[in-house]
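Undergrad: What follows is each chain in one-letter form.
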Amino acid sequence: MSANQIVHNPDIRRLQDEGYEVEVSNGHLLIHSVPYVTSQRTVALGTVVTDLNGTIGQLGAPKDHQVWFVGEFPCHQTGAPIEAIRHSTGNMVLWGGFTAQHRFSNKPEGGNYQNYYSKMKRYVTIISNEAQAIDPAATPCTFKLIVPAEEGSVFKYWDSASSRANILPVSEKLAMDKVAVIGLGGTGSYVLDLIAKTPVKEIHLFDGDVFEQHNAFRSPGAATAAMLEAKPNKVDYYAQIYDSMRTGVIPHHGYVTEDNLNDLDGIGFVFLCVDSGLARKTISLYLRSQGIPFVDVGMDLMLEPENMRLQGFCRSTLCTPEKSDHFDRYAHQGADNDDDLYRTNIQVADINALNAALAVIKWKQYRGFYNDHYVAHQSLYTIDFHSLTRDETTGAIIAHEN
Amino acid sequence: MQNEHSEDAPGQNKTTTIIVNGRPREFVGHKITYLEVVQLAFPGATMGESVIYTVTYTNPHGKDGELVNGQDVSVKEGMVFIVGKSNRS
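Line by line, the protein sequences give chains A and B.
Going by the working numbering, the first residue of the first sequence is number 1, and it counts up by one from there.
Going by the working numbering, the first residue of the second sequence is number 1, and it counts up by one from there.
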């Protein structure tokens with residue numbers, strides 16, 4: 001997001017015009033250098049912080065009436081704490097490297113603040129008026145300009161899903177430099193959809209295929225007929241779509257083969273979403289030799305001719321530098337000959353999406369975003385049983401069963 | 001308990017009906033291996049180191065699970081197996 005877009009927001013602009021030291025960072029609005037009275041009746045400077053709601057240029061109403069504060073608990077000119085704003089105190093990590101000490105709660109008349117200007121102004125005034133009583137020169141209006149850029153953010157608008165839930169410090173565990181999706185079929189496209197919404201800096205897409213009509217029925221979103229007629233490369237099609245939301249989606253034309261394996265050097269995590277057993281073998285061997293962790297996915301849907309129902313499962317297998325011995329037992333890596341008995345290629349979007357979600361959840365567990373009690377490297381969902389099984393665990397010891 | 005592991009223990013020659021990929025199959029014995037399940041699903045299927053089938057099972061009174069080459073599981077009446085390749089994406 002550009003600094004200009006934020007400055008052009010009328011609420012923030014107004015605060016800035018009045019001289020408040022405004023900054024926008026990690027989906028939050030900060031006012032720095034707010035003078036307040038300490039319990040020793042001295043004047044110190046603190047920071048008032050609120051999370052932001054809405055999109056660039058069009059902020060929504062504040063989602064609540066509370067703010068955070070960086071500093072000691074502010075007092076009246078007498079040195080007694082301002083109890084009217086007290087909510088809670090503790091180390092509150094808002095995002096990596098940024099911690100607030102207090103949360104304030106002060107409802108306006110009517111119950112809600114109409115906008116961020118009135119919300120921030122209210123708290124700053126309550127706090128700094130006491131400081132001015134001690135030191136008439138103390139003012140929050142320093143007119144110091146902080147360029148409110150969100151450098152380093154991949155998103156074109158704030159990740160308010162994380163800031164609303166106060167899980168930005170958890171989300172940051174996913175902010176890897178480079179992740180790759182190899183194969184943008186049904187499952188790979190849903191993988192992309194899910195990881196595009198995480199703060200991964202670069203998502204490298206590898207596929208040599210054209211986006212065709214059947215792909216539209218097992219990928220996220222809704223392609224128009226005109227998009228299909230243009231016969232775009234899959235990687236270009238997806239790079240363009242996700243460009244609406246974020247930066248860093250990088251298309252690589254062509255399949256990954258023996259000849260270009262080193263294109264994967266420097267990738268931190270790979271989602272291996274290919275159909276071909278031989279491609280799976282070539283790529284997985286290379287990733288293992290380079291110590292690049294990956295999740296391999298695969299599904300099989302079979303038609304039961306007797307009752308015309310589909311049956312089958314989807315698999316996601318994690319392979320890391322710490323554990324890869326299991327991979328060859330679970331992932332088919334042979335030739336897919338035409339004489340291969342019973343070969344089918346039925347795929348349905350919901351199972352593609354589920355397979356992708358299981359793979360992405362596994363990656364998030366590997367990164368410490370989700371808890372992972374058993375650290376299962378093998379996971380299988382079977383439609384017929386509605387069952388999800390875990391194997392190849394390295395976590396907690398499971399009671400032995402005979 | 002000791003009898004369970006003996007060659008001529010009761011149950012060793014018992015015939016059980018299991019469901020493999022939707023079809024009822026008769027199986028004689030106490031434990032069924034990965035390879036036996038694959039052969040029941042796909043008689044004459046090519047087996048080899050690089051050909052990996054995915055074998056998953058459930059049973060009405062037990063735990064769901066997955067079998068890989070070298071593993072087996074106790075057979076129970078009415079147990080259901082699904083066998084395929086899990087190689088599509």
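Note that these hints are calculated values from the structure, not bench results.
Glycine residues also receive a C-beta, built at the ideal position from the N, C-alpha and C atoms.
The reader is advised that the hints may include incorrect statements.
Said to hold, decoys possible - Cβ pair distances, simulated, as ranges: (1) Thr257(A) with Gly70(B): 28 to 34 Å; (2) Phe217(A) with Thr17(B): 37 to 43 Å; (3) Val210(A) with Lys76(B): 45 to 51 Å; (4) Glu26(B) with Val210(A): 47 to 53 Å.
Stated by the list, open to error - Taking beta-carbon pairs under 7 Å as the criterion, some of the chain A residues facing chain B (in silico): (5) Gly185; (6) Asp243; (7) His252; (8) Gly254; (9) Arg315.
Undergrad: Checking against the hints above, which ones are violated?
TA: Hints 6, 7 and 8 contradicted; others consistent.
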